[in-house]
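**Q** In terms of my numbering, the sequence shown opens at residue 632 and continues consecutively.
A few of these clues could be false.
Stated by the list, open to error - List of simulated lysine-lysine pairs, DSSO-like, C-alpha gap at most 30 angstroms:
no.: 1; residue 1: Lys851; residue 2: Lys884
no.: 2; residue 1: Lys851; residue 2: Lys841
no.: 3; residue 1: Lys653; residue 2: Lys940
no.: 4; residue 1: Lys653; residue 2: Lys712
no.: 5; residue 1: Lys940; residue 2: Lys890
no.: 6; residue 1: Lys653; residue 2: Lys639
no.: 7; residue 1: Lys840; residue 2: Lys810
no.: 8; residue 1: Lys851; residue 2: Lys879
no.: 9; residue 1: Lys832; residue 2: Lys874
no.: 10; residue 1: Lys802; residue 2: Lys841
no.: 11; residue 1: Lys828; residue 2: Lys810
no.: 12; residue 1: Lys664; residue 2: Lys947
no.: 13; residue 1: Lys946; residue 2: Lys851
no.: 14; residue 1: Lys802; residue 2: Lys840
no.: 15; residue 1: Lys890; residue 2: Lys929
no.: 16; residue 1: Lys890; residue 2: Lys841
no.: 17; residue 1: Lys810; residue 2: Lys940
no.: 18; residue 1: Lys851; residue 2: Lys940
no.: 19; residue 1: Lys884; residue 2: Lys874
no.: 20; residue 1: Lys851; residue 2: Lys831
no.: 21; residue 1: Lys879; residue 2: Lys831
no.: 22; residue 1: Lys836; residue 2: Lys851
Think of the hints as simulated: they come from the structure by calculation, not from any bench.
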Amino acid sequence: MQAAYITKNGSADDIIIGDLPKPIISANQVLIKVNAVAVNHVDTFVRSGAFQTDTDFPFVIGRDAVGQVEEVGKDVTGFSKGNWVWTNSMGYNGRQGVTSEFAAIPADRLFHVPENVEPTQLIASVHSSATAAIVLTSVFAVNSGSTILIEGAAGHVGTKFVQMAHILGLKVVTTSNPKDFDLLDRLGSDQRLDYQKSLKKQMSKGPIKKVDYVVDTSGKVSLQDNLQVLNVGGHVCLITAPKSNTFKFDVRKFYTQSKTINGFVISHAPLEQIQESAKFINRLMADGYLLEDQVLQKSYEEAGWAHLKLETNSKKKKILLTF
Numbered sequence: 632m633q634a635a636y637i638t639k640n641g642s643a644d645d646i647i648i649g650d651l652p653k654p655i656i657s658a659n660q661v662l663i664k665v666n667a668v669a670v671n672h673v674d675t676f677v678r679s680g681a682f683q684t685d686t687d688f689p690f691v692i693g694r695d696a697v698g699q700v701e702e703v704g705k706d707v708t709g710f711s712k713g714n715w716v717w718t719n720s721m722g723y724n725g726r727q728g729v730t731s732e733f734a735a736i737p738a739d740r741l742f743h744v745p746e747n748v749e750p751t752q753l754i755a756s757v758h759s760s761a762t763a764a765i766v767l768t769s770v771f772a773v774n775s776g777s778t779i780l781i782e783g784a785a786g787h788v789g790t791k792f793v794q795m796a797h798i799l800g801l802k803v804v805t806t807s808n809p810k811d812f813d814l815l816d817r818l819g820s821d822q823r824l825d826y827q828k829s830l831k832k833q834m835s836k837g838p839i840k841k842v843d844y845v846v847d848t849s850g851k852v853s854l855q856d857n858l859q860v861l862n863v864g865g866h867v868c869l870i871t872a873p874k875s876n877t878f879k880f881d882v883r884k885f886y887t888q889s890k891t892i893n894g895f896v897i898s899h900a901p902l903e904q905i906q907e908s909a910k911f912i913n914r915l916m917a918d919g920y921l922l923e924d925q926v927l928q929k930s931y932e933e934a935g936w937a938h939l940k941l942e943t944n945s946k947k948k949k950i951l952l953t954f
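Work out the full structure, taking the sequences as your base and the hints as a guide.
**A** Shown next as structure tokens:
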């Protein structure tokens with residue numbers, strides 16, 4: 632079968648397009664014929680070795696795929712040949728990736744594509760959607776009626792946070808370019824702020840002056856600024872880092888007000904969180920949410936190009952590799 636794979640950690644130029652043996656599934660796996668694979672920043676970290684994880688070479692790259700069931704292991708129930716399915720937790724922790732014509736997926740990491748949901752639009756969304764779902768429901772364990780500040784809200788991850796927070800009953804404050812205010816209003820933002828202006832000043836003038844939760848999807852807001860707009864007992868979640876890789880903040884005010892700083896990467900999420908987020912995502916997608924990403928489709932043969940574009944941040948559309 633054709634696949635995009637590496638034989639060592641390295642640059643995007645080290646990605647090989649070539650033949651590998653078709654996987655033989657075990658009793659608890661499902662063989663899928665891959666239709667499309669989403670390309671995520673974490674894929675470039677795994678490929679380069681920046682994110683350390685178990686990899687058996689030759690190693691197929693990519694973690695998120697959508698396709699159709701080709702064969703079902705003897706101990707697997709709930710899947711049949713021809714079903715449209717998706718997965719978003721392959722390609723790390725000893726599991727081969729999915730940028731290949733066929734992929735063997737553990738049945739407990741495979742989910743049905745909801746009826747009437749376009750498969751490629753789904754797979755473009757699931758990485759960002761699962762991140763938002765797990766942060767909101769597990770890391771924050773948000774309560775309806777509380778308040779949240781979502782920074783960089785018009786991006787792939789930010790739009791998912793906005794929709795889910797709104798649906799979960801939170802009051803939502805967002806920062807973005809003003810040109811995206813109308814979009815964020817439609818998605819559920821209650822108070823929209825200009826990311827280029829002072830966060831503290833804008834918050835002080837709006838109806839929501841303090842929040843219970845903050846998530847910065849951009850890594851461009853100082854930690855101290857975020858802590859200042861938190862209520863007592865509030866929580867910040869870091870899902871990215873500033874270029875400097877450092878923060879300065881008032882430690883005394885932080886601990887005396889019982890505030891919390893959380894870090895999250897989806898590659899460390901336990902299977903139960905992956906499964907629960909998949910149920911939540913499927914329900915929302917079936918109702919038409921989370922499917923607004925602009926998509927750029929390329930052949931799997933362009934895997935090296937796609938990794939390079941992500942590393943240089945030169946493409947804003949979600950890149951999918953198709954077979």
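**Q** Taken at face value, is the distance from the CA of Lys940 to the CA of Lys653 at most 30 angstroms?
**A** Between Lys653 and Lys940 the Cα gap is close to 29 angstroms, so the pair holds against 30 angstroms.
**Q** For the pair supplied as a hint, Lys851 and Lys879, confirm whether the alpha-carbon distance does not exceed 30 angstroms.
**A** Holds, at about 13 angstroms.
**Q** What's the verdict on Lys810 and Lys940, does the C-alpha distance respect the 30 angstroms limit or exceed it?
**A** Holds, because 24 angstroms separates the two Cα atoms, which is no more than 30 angstroms.
**Q** Within 30 angstroms, alpha carbon to alpha carbon, are Lys890 and Lys929?
**A** It is violated: about 44 angstroms lies between the C-alpha atoms, which goes past 30 angstroms.
**Q** What's the verdict on Lys946 and Lys851, does the C-alpha distance respect the 30 angstroms limit or exceed it?
**A** holds, 19 angstroms
**Q** Taken at face value, is the distance from the CA of Lys841 to the CA of Lys851 at most 30 angstroms?
**A** holds, 20 angstroms
**Q** Given the hinted pair Lys879 and Lys831, is their alpha-carbon gap at most 30 angstroms?
**A** Given that 30 angstroms is the threshold and the Cα spacing comes to 17 angstroms, the pair holds.
**Q** Hey, Lys653 versus Lys639, does the alpha-carbon distance stay inside 30 angstroms?
**A** Distance ~21 angstroms between Lys653 and Lys639 Cα, so the pair holds.
**Q** Compare the distance between the alpha carbons of Lys802 and Lys841 with 30 angstroms, and conclude whether the hinted pair is satisfied.
**A** holds, 11 angstroms
**Q** Quickly compare the C-alpha distance for Lys851 and Lys884 to 30 angstroms and report which way the hint goes.
**A** holds, 22 angstroms
**Q** Between Lys653 and Lys712, is the straight-line Cα distance small enough, at 30 angstroms or below?
**A** Between Lys653 and Lys712 the Cα gap is close to 17 angstroms, so the pair holds against 30 angstroms.
**Q** Hint check: Lys940 vs Lys890, CA-CA at most 30 angstroms. Holds or violated?
**A** violated, 37 angstroms
In this structure, the earlier hints numbered 5, 15 are contradicted, and the remaining ones agree with it.
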